[in-house]
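Student: Here's the letter readout for the chains.
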Amino acid sequence: MKTGHTGKRVGWLLRILVLGILLFVVLYPFLWMVVTSFKAEADIVAFPPKLFSGHFGLQSYIDIWKRIPFMDYYKNTIIFATSVTCVSLLFDTMAGYAFARMKFPGKNIMFLLVMGTMMIPFQVIMIPLFVEIFKLNLTNTYLGLLLPRATNAFGIFMMRSFFISLPKGLEDAGRIDGAGEFRIFAKIMVPLCKPAIVSLFIFHFMYQWNDLLYPLILTTDESMKTLPAGLATFMGTHVVEYGVIMAGACLSLLPILLAYLFAQKQFVQGIAMTGMKG
Amino acid sequence: MKRKILAVVLAAAMVLPMATHVCAEESAEKTVITFWNGFTGSDKETLEALVNEYNETNDKNIEVEMTIMPWDSLYQKLATVLPVGEGPDILAMATERIGTYAEPGAFVPIDDVYEAGIVDESVIPETLRENLKYDGTYYGVPMNFATLLLYYNKTIFEEAGLDPEAPPTTWEELEQYAQQIVDNTDKYGFDMAVKDTTPMWCIMLWGNGGDIIKDGKAVFNSPENVETITRWAENIRDKKFGPEVLTGGEIDKLFESQKLGMYFCGPWATNGFTDAGIDYGVAQAPAGPQEQITQANGVGMYLTSSSKQKEAVYDFFGWWNSKDTQVKWSLGTGFPPARTDIADDERLAENLYIAEFAKSANESKMYLQQLTNFAEVDTQAIVPAFEKILLENADVQETLDEANAVIESLIQ
Amino acid sequence: MKKRVTLEKKRERAGLLFVAPSMIIFTVFVFVPLIIAVVFSFLKFDMMFNHIEFQKFDHYIKLVQDKRFWNALFNTLYYTVFSVPLLIGLALGAAVLVKRKGWFSSICKSVFFLPAICSMTVVSIVWSFLVNPDVGMFSYWLTLFGFEPVNVLNSPTLAMPAVILVGVWKNFGFNMVILLAGLNGIDESYYEAAKLDGATSWQQFKRITVPMLMPTLSFTIVNAIIGSFQVFDQVYVMTKGGPLFKTQTLVQLIYSTAFDSFNMGYASAIAVALFLITFVASVLTFKRMTKGEEDLA
Chain A
11 MKTGHTGKRV GWLLRILVLG ILLFVVLYPF LWMVVTSFKA EADIVAFPPK
61 LFSGHFGLQS YIDIWKRIPF MDYYKNTIIF ATSVTCVSLL FDTMAGYAFA
111 RMKFPGKNIM FLLVMGTMMI PFQVIMIPLF VEIFKLNLTN TYLGLLLPRA
161 TNAFGIFMMR SFFISLPKGL EDAGRIDGAG EFRIFAKIMV PLCKPAIVSL
211 FIFHFMYQWN DLLYPLILTT DESMKTLPAG LATFMGTHVV EYGVIMAGAC
261 LSLLPILLAY LFAQKQFVQG IAMTGMKG
Chain B
994 MKRKILAVVL AAAMVLPMAT HVCAEESAEK TVITFWNGFT GSDKETLEAL
1044 VNEYNETNDK NIEVEMTIMP WDSLYQKLAT VLPVGEGPDI LAMATERIGT
1094 YAEPGAFVPI DDVYEAGIVD ESVIPETLRE NLKYDGTYYG VPMNFATLLL
1144 YYNKTIFEEA GLDPEAPPTT WEELEQYAQQ IVDNTDKYGF DMAVKDTTPM
1194 WCIMLWGNGG DIIKDGKAVF NSPENVETIT RWAENIRDKK FGPEVLTGGE
1244 IDKLFESQKL GMYFCGPWAT NGFTDAGIDY GVAQAPAGPQ EQITQANGVG
1294 MYLTSSSKQK EAVYDFFGWW NSKDTQVKWS LGTGFPPART DIADDERLAE
1344 NLYIAEFAKS ANESKMYLQQ LTNFAEVDTQ AIVPAFEKIL LENADVQETL
1394 DEANAVIESL IQ
Chain C
55 MKKRVTLEKK RERAGLLFVA PSMIIFTVFV FVPLIIAVVF SFLKFDMMFN
105 HIEFQKFDHY IKLVQDKRFW NALFNTLYYT VFSVPLLIGL ALGAAVLVKR
155 KGWFSSICKS VFFLPAICSM TVVSIVWSFL VNPDVGMFSY WLTLFGFEPV
205 NVLNSPTLAM PAVILVGVWK NFGFNMVILL AGLNGIDESY YEAAKLDGAT
255 SWQQFKRITV PMLMPTLSFT IVNAIIGSFQ VFDQVYVMTK GGPLFKTQTL
305 VQLIYSTAFD SFNMGYASAI AVALFLITFV ASVLTFKRMT KGEEDLA
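Line by line, the protein sequences are chains A, B and C. Residue 194 in this note's numbering sits at position 184 of the first sequence, with consecutive numbering throughout. Residue 1354 in this note's numbering sits at position 361 of the second sequence, with consecutive numbering throughout. Residue 231 in this note's numbering sits at position 177 of the third sequence, with consecutive numbering throughout.
Isolated chain A (complex conformation):
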């Protein structure tokens, strides 16, 4: 009994220690990022390096505001990221569910094909894809941006792995009640996978939000530019302005961070619900 107690103590200490080190290693670069975004350029590369030294100010943020049409880019990115996320979330969940718990001809082959789509670098299919969108007359439209991303193998794969871990025979209750397959999916299965769906929502959103190359390739019009493309223009060819780049990074981080913090509450809710069912 006594050894168990000290064991617990040591375990507790170890946990705090490990997590503490991890926290530091993860947080420090962010701290640097945030502090740098408030520093004057000349203080950033001073030697010896000090985190809190020199003058602090909002100059980098003002610069961003002045130098790019920030709100336009923000708007485009929100439309692009939100529409893709919502549509893709629906299709991914449906397909993931079917691959996990339904039987249909060609299932295994199709699942392998889906997995296969994750193994192709975008650069390789980029040219044919652009030509396709161009021939469909969809360049420079939000629809043209949305369609190729309306489903995502990662999402399908992830949802499949969650649906498969739900207990066997859950469907039967619904079937006895005479509910259709879609009803079973929407009313029984989806609520049980809520934590996974919420995480996938965040993943999809942040993936689209940060994507530089895809929206840049599929549009040619300045009015369709997204935030990552706008922020990338602060990376000078010869001169790197760290302050401005970090300020831009902080600004683009904010919405996802808020969404994540909000979603964390949802996770807890999701757990509570599964607990009740079980």
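The set of hints was computed from the structure by calculation and includes no laboratory data. C-beta atoms are modelled at their ideal positions from N, C-alpha and C, and glycine is treated no differently. Wrong hints could be hidden among the right ones.
Unchecked claim - Quick look at which bits of chain B chain C covers, simulated, 3 or more residues with Cβ under 8 Å: (1) 1097-1103; (2) 1247-1254.
As the list claims (entries may be wrong) - Straight-line distance between alpha carbons at most 30 Å, and here's what the computed DSSO-like set of lysine-lysine pairs gives: (3) K63(C) <-> K18(A); (4) K300(C) <-> K117(A); (5) K76(A) <-> K1037(B); (6) K294(C) <-> K1358(B); (7) K63(C) <-> K117(A); (8) K1252(B) <-> K300(C); (9) K178(A) <-> K204(A).
We have chain A already, so just place chains B and C on it with the hints.
Tutor: Below, chains B and C without anything else, positioned relative to chain A:
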């Protein structure tokens, strides 16, 4: 609820593009030409202001619609749009890439710009002029032009007991000063970047009468080059003048944090260093045993095969290369003007350094021009050769022989 | 009996309907471009798609003899072999440690996810700065302890480990969140029963957590393998594949072949090879890990 959101999103996705189409039709009587380039960072502001000025003042109702993106994104985007004829009307990029795009016909010959006198070829610095051509035909007009000079930190010079107003003028002095800085201070003396920038080493190669490609043949392993590279590799690696292999960004940072006494750099750095409060000077590249020479970079503007607005494009080309625009561009970016007849324009006196950079325009050469695969020669042969010598202490002759064979195979 | 058959048919049709939207989108926007890319790998053409020549298997023959391909393949495997276990191990460890409720766990959960929401480009810029031997904070601390700072990104031996560590740093939180969602799906009563039987934490982890988490775990592992075969962004920003090609990965080789050399045909051939390698590696792993999975259909 979910379906409702979805419906709204889908509807928005359908309607919004239509809205933008309506806007485009309204300004139909204007001639709109598109212009893509990679002038990111601080140059972007000056460029945008100038393009705006052109849009407001030109009397032909031409509107230039400019898109700026990082150079590597630009090259990828071009690979998708050029084949289907959806490229911009005007492209800007470094002159060493002309061959890559001119050979397959993505750029269009523009000898007539010069024949019609829209751009005056006689005022273009000679090095730049020759490299706006490919196979003897003009493909570009100047966008900007820069030479590299020796930047030196006056504070470090004083600390090392050197005269801060007397920068080195020869290789021997450069070596002596760098040694003195290394001996007397805890700073680095002199260094040259190897990658992700204009390779500063070629200043040394040319200074000793060497070259990389001459008359269509690879001459990277010439005895002069072996001598030059052995000498400077020893200086940097063994006498610890500076860190071995640096990128352009790293070496700028090193100088900006006042840890490096001297290095070669273009005019783009002056504004940042001045703002950072560094006491520095710029001087012509120290003369080598054979020649006093430096490196030049040029960016040209090109008419693409996608364009159907040749006249409007030429008008913009002419305006860009006018005296007035060149002075403004020069003042905004710190680059010397791309024409030789305005060096004494009094407005340029505002920036102390422009005149110094402009001075070396005709004692300069450009790196790896007139090739169809510039990027391959640079990244597959030349950069690895320097890395091998500096990082792995490889035998200079052997490494250069090997690299020379690679270059030879790439330019065939 | 007859009714049962039609019911089965009906369910099959429902299954197809469920996957139909995704499969249609994949067909139009991934498979068709992919088939075109495979066709490219047998052709030679210039940037404007002129001068098209049929090459037969020349690109593939060239590939087998290409030193740069083998080097990039080696680097990609090196990256995969070290980054996947490190990444998933760390993610699983963190997930187990922060699973419980409480403010400290909450903070950890949020902070560990932070790197995932940053773009890889920003992450690479920040880390390149921090480890810079002359102006970086981390190297400066090393000098305070009397160590000589090394330019890790410029060292042929240390550049790859540095790139791997940055990748792990960026992605472990992301995988942790997925694993957490899986962990939360495990019924607490299993643990309570095990505690009553006097099982240690390690035994609980081995006997309950890992088996129950298998579907999620296999997903994160396969996904990490696929992701590491596609590694590009951090290499591109941090080292550009250098020094001396020691960090050049397959995707980066594809990139430079396609956009520096404009040899789309050869780039496509490398991509086909990469696809086959990834496919074999990930499907084998997946099959192995999901062997015990019950067929729930």
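Student: Decide, hint by hint, whether the structure agrees.
Tutor: Each hint, compared with the structure:
no., hint, result
1, 1097-1103, "holds (count 3)"
2, 1247-1254, "holds (count 3)"
3, K63(C) <-> K18(A), "56 Å, violated"
4, K300(C) <-> K117(A), "41 Å, violated"
5, K76(A) <-> K1037(B), "12 Å, holds"
6, K294(C) <-> K1358(B), "26 Å, holds"
7, K63(C) <-> K117(A), "14 Å, holds"
8, K1252(B) <-> K300(C), "28 Å, holds"
9, K178(A) <-> K204(A), "18 Å, holds"
Hints 3 and 4 from the list above are not met by this structure, while the remaining hints are.
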